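K.L.:
Spelled out, the chains give:
Protein chains: 4
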Amino acid sequence: MTSDLIGSGPAPIDPSRWLLLHRSVRFGETDAAGVMHFHQLLRWCHEAYEESLEAFGISAAAIFPTPSWTPETRDKGDPSQAKVALPIAHCRADFLAPLVCGDLLAIALGPRRLTSGSFEVSYSFACLEGASRPVAWGLTRHVAIDPISRRRCDLPGVIERWLEASTNGDSPPSNPG
Amino acid sequence: MTSDLIGSGPAPIDPSRWLLLHRSVRFGETDAAGVMHFHQLLRWCHEAYEESLEAFGISAAAIFPTPSWTPETRDKGDPSQAKVALPIAHCRADFLAPLVCGDLLAIALGPRRLTSGSFEVSYSFACLEGASRPVAWGLTRHVAIDPISRRRCDLPGVIERWLEASTNGDSPPSNPG
Amino acid sequence: MTSDLIGSGPAPIDPSRWLLLHRSVRFGETDAAGVMHFHQLLRWCHEAYEESLEAFGISAAAIFPTPSWTPETRDKGDPSQAKVALPIAHCRADFLAPLVCGDLLAIALGPRRLTSGSFEVSYSFACLEGASRPVAWGLTRHVAIDPISRRRCDLPGVIERWLEASTNGDSPPSNPG
Amino acid sequence: MTSDLIGSGPAPIDPSRWLLLHRSVRFGETDAAGVMHFHQLLRWCHEAYEESLEAFGISAAAIFPTPSWTPETRDKGDPSQAKVALPIAHCRADFLAPLVCGDLLAIALGPRRLTSGSFEVSYSFACLEGASRPVAWGLTRHVAIDPISRRRCDLPGVIERWLEASTNGDSPPSNPG
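Chains as they are written, first to last, in my numbering: chain A, 1 to 177; chain B, 1 to 177; chain C, 1 to 177; chain D, 1 to 177.
Watch out, some of these pointers could steer you wrong.
You can't tell identical chains apart in this list, so a pair holds if it fits in one copy or across any two.
The list that follows gives simulated cross-link-like pairs (lysine to any residue, SDA-like), each with its CA atoms no further than 25 Å apart [unchecked claim]: (1) K83 to S68; (2) K83 to A108; (3) K83 to L20; (4) K83 to P147; (5) K83 to S149; (6) K83 to W137; (7) K83 to Q40; (8) K83 to A97; (9) K83 to V158; (10) K83 to G130; (11) K83 to I148; (12) K83 to P156; (13) K83 to S24; (14) K83 to D94; (15) K83 to W69; (16) K83 to R133; (17) K83 to S16; (18) K83 to L96; (19) K83 to P71; (20) K83 to F27; (21) K83 to A126.
Think of the hints as simulated: they come from the structure by calculation, not from any bench. All values reported here derive from a predicted model rather than from experimental measurement.
Bound-form chain A, shown alone (with noise of 0.2 Å):
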């Protein structure tokens, strides 16, 4: 990315703030095989799912649902009845390599926008310990669903932001959330 490209305009953030994370192997996630127990995967994508979003300027409060006595579903007159539900339609991975217990792993994200009501992130994993090189891969794919009808609908504004930002290169709003 070129300083062309956004002009006058704010400073880009790097991308890779909010779509290259980190976590380690811990050892309840592995079996008595010594390795990671393929499950915890799917579990570890969701997880980064949300990091990204934090990193990139989206509150937990503005997408996942929380408890109506909570001050900030309290204050808004039950906004957990309006907040958009985007529940995993499909999933998958891959496994490439075995890992152990304490095996450092980067993961790199990739948002795609699929229609106005869903999209899917791939998640490529690799492991950092000597020469990094791909481990596994994952991919969720989430549909927009209205809490009140329970019909499908189009995805949240900061969804769509995230996800143009994430495709593009582009740097967060100042205030996507």
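Starting from the known structure of chain A, arrange chains B, C and D on it as the hints suggest.
P.N.:
Frame of chain A; chains B, C and D shown alone:
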């Protein structure tokens, strides 16, 4: 328990139906030491508590929150708002012996009323491989919370009946839910 | 099924005994949206695979690694070194309907041999609340790995027999383990 | 901190580097009541213990079992057989306030040597949303087990050093692993 204790009422139901449960140790519950990873036991405790209520005749929907769009919640003028919460305020566990994948376990529950607004459940785990032997012990302590005021309140009636029947060896009423 | 159907051989065992399993959605498996959190389904898939092998007559110790100090491993000159590993190389899931706490599920397994060294299992989840309806679908694909050389190898014989019986509707042999 | 404070010795490292950790509550860790499901806290405790050892300079491979085919294990004449196991014999937790998705937590660890062959770690959780406030407390108690004899033994030297430095506020040695 003899029929003298209950006179001419309905035949008592064996408390072992809801106070003695079984499960097997699964591969994903072990860690790289080859044995059950400790915190899985607390999950087993809560799942045994849920299974016990179910076996006693209390539906999950009578105790646990359900989304506002479910028939049960929708048709009753939002009982999710009225449903007493029973969060865990304290838990603990002792681990006596390692458990490996495939071990068949018996779980003996000991529910006990503490106050008008709290109760605890103890869980004794025995491994049924070879001679039955105690392998772990757990405890969860629950308090009743009013979901609107977020203050402590009385236990729901169905929980009181489960506690009473569990302590006295009584049979569950024909329709405890 | 009567013995008339199979002549003078041993009575076949209904494949539904190891290919149709059940479980309930537990509270800790839901998230703040009030529904089953997606990655729990992959855990259910693997636990159903383990339960199916068990119901077919294959002990967990015949397939899954156990610590070197367990009697099974200790008495056999370290079979943990010789036991073929069956890691998951690919998994996926489709989510058709939300599941809430207490929902009773039927899980229909469809094991299928792919090559001499790989197989997959599909898992069709139906919710038994009210009219039975499909709610989710999962798949795990396993490859056989030699635990010493870490190279691909042939499937263990007991897995071959489970795959064959599951595909043909055969009965399990009297001693498949 | 300047070297003036400690004379001519090596610069001490701030214990907060390995005794004060942070994490956020993730969506999959909540339940249908909208709050963190209790047993996740015990997982957080163990992950904090692992992260603390790592930050102190002790590699996961020095403490936790790794498969026999990993370079670390393979090159050392099977140290997996010799590595002291540190299973949890007891754990407990108190829950002071509900936690919702996105809450940022500080975790203060208090490691303490109990005997030559056992230690415990306390974990104080504070929520950093608004004014910092205590929200939960956990404890894990570990015993050292000889992996061959399965009898209790002395703590590994690296754990002794971590316990000592954590108690005294000492700096970790330059190469504790």
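K.L.:
Next, verify each hint and record whether it holds.
P.N.:
Here is what the structure says about each hint:
Taking the shortest alpha-carbon separations for K83 and S68, both the intra-copy value of 12 Å and the inter-copy value of 13 Å come in at or below 25 Å. In the homo-oligomer, the alpha carbons of K83 and A108 never lie at most 25 Å apart, since the shortest distance is 28 Å inside one protomer and 34 Å across protomers. With identical chains, the CA atoms of K83 and L20 are never at most 25 Å apart, being 27 Å at best within one copy and 35 Å at best between copies. Proximity of K83 to P147 under the C-alpha cut-off of 25 Å is found in both arrangements, the shortest distances being 7 Å within a copy and 20 Å between copies.
Taking identical chains as interchangeable, the C-alpha atoms of K83 and S149 lie at most 25 Å apart whether they share a chain (12 Å) or sit on different chains (23 Å). For a Cα distance limit of 25 Å, the shortest separation of K83 from W137 qualifies neither inside one copy, at 30 Å, nor across copies, at 27 Å. In this assembly of identical chains, the alpha carbons of K83 and Q40 lie at most 25 Å apart only when taken from different copies (24 Å versus 28 Å within one copy). For the identical chains of this complex, K83 and A97 are inter-copy neighbours only, at 19 Å across copies versus 39 Å inside a copy, given an alpha-carbon limit of 25 Å.
In this assembly of identical chains, the alpha carbons of K83 and V158 lie at most 25 Å apart only when taken from the same copy (12 Å versus 33 Å across copies). In this homomeric assembly, K83 and G130 come within 25 Å of each other (Cα to Cα) only across copies, at 23 Å, whereas the closest approach inside a single copy is 44 Å. When the C-alpha separation of K83 and I148 is checked against a cutoff of 25 Å, the pair qualifies both within a copy, at 9 Å, and between copies, at 20 Å. Taking CA atoms no more than 25 Å apart as the test, K83 paired with P156 passes inside one copy only; the shortest distance there is 9 Å, against 31 Å between copies.
Within a single copy, K83 and S24 get their C-alpha atoms only as close as 32 Å, which misses the 25 Å cut-off; across copies the closest is 21 Å, which meets it. With identical chains, the CA atoms of K83 and D94 are at most 25 Å apart between copies only, with a shortest distance of 23 Å across copies and 32 Å within one. Taking the shortest Cα distances, K83 and W69 sit within 25 Å of each other both inside one copy (15 Å) and across copies (14 Å). In this homomeric assembly, K83 and R133 never come within 25 Å of each other (Cα to Cα): the closest approach is 39 Å inside a single copy and 27 Å across copies.
With identical chains, the CA atoms of K83 and S16 are never at most 25 Å apart, being 28 Å at best within one copy and 39 Å at best between copies. For the identical chains of this complex, K83 and L96 are inter-copy neighbours only, at 21 Å across copies versus 37 Å inside a copy, given an alpha-carbon limit of 25 Å. Proximity of K83 to P71 under the C-alpha cut-off of 25 Å is found in both arrangements, the shortest distances being 15 Å within a copy and 20 Å between copies. For a Cα distance limit of 25 Å, the shortest separation of K83 from F27 across copies, 15 Å, qualifies, whereas the shortest one inside one copy, 36 Å, does not.
In this homomeric assembly, K83 and A126 never come within 25 Å of each other (Cα to Cα): the closest approach is 34 Å inside a single copy and 28 Å across copies.
Checked against the numbered hints given earlier, this structure breaks hints 2, 3, 6, 16, 17 and 21; the rest are met.
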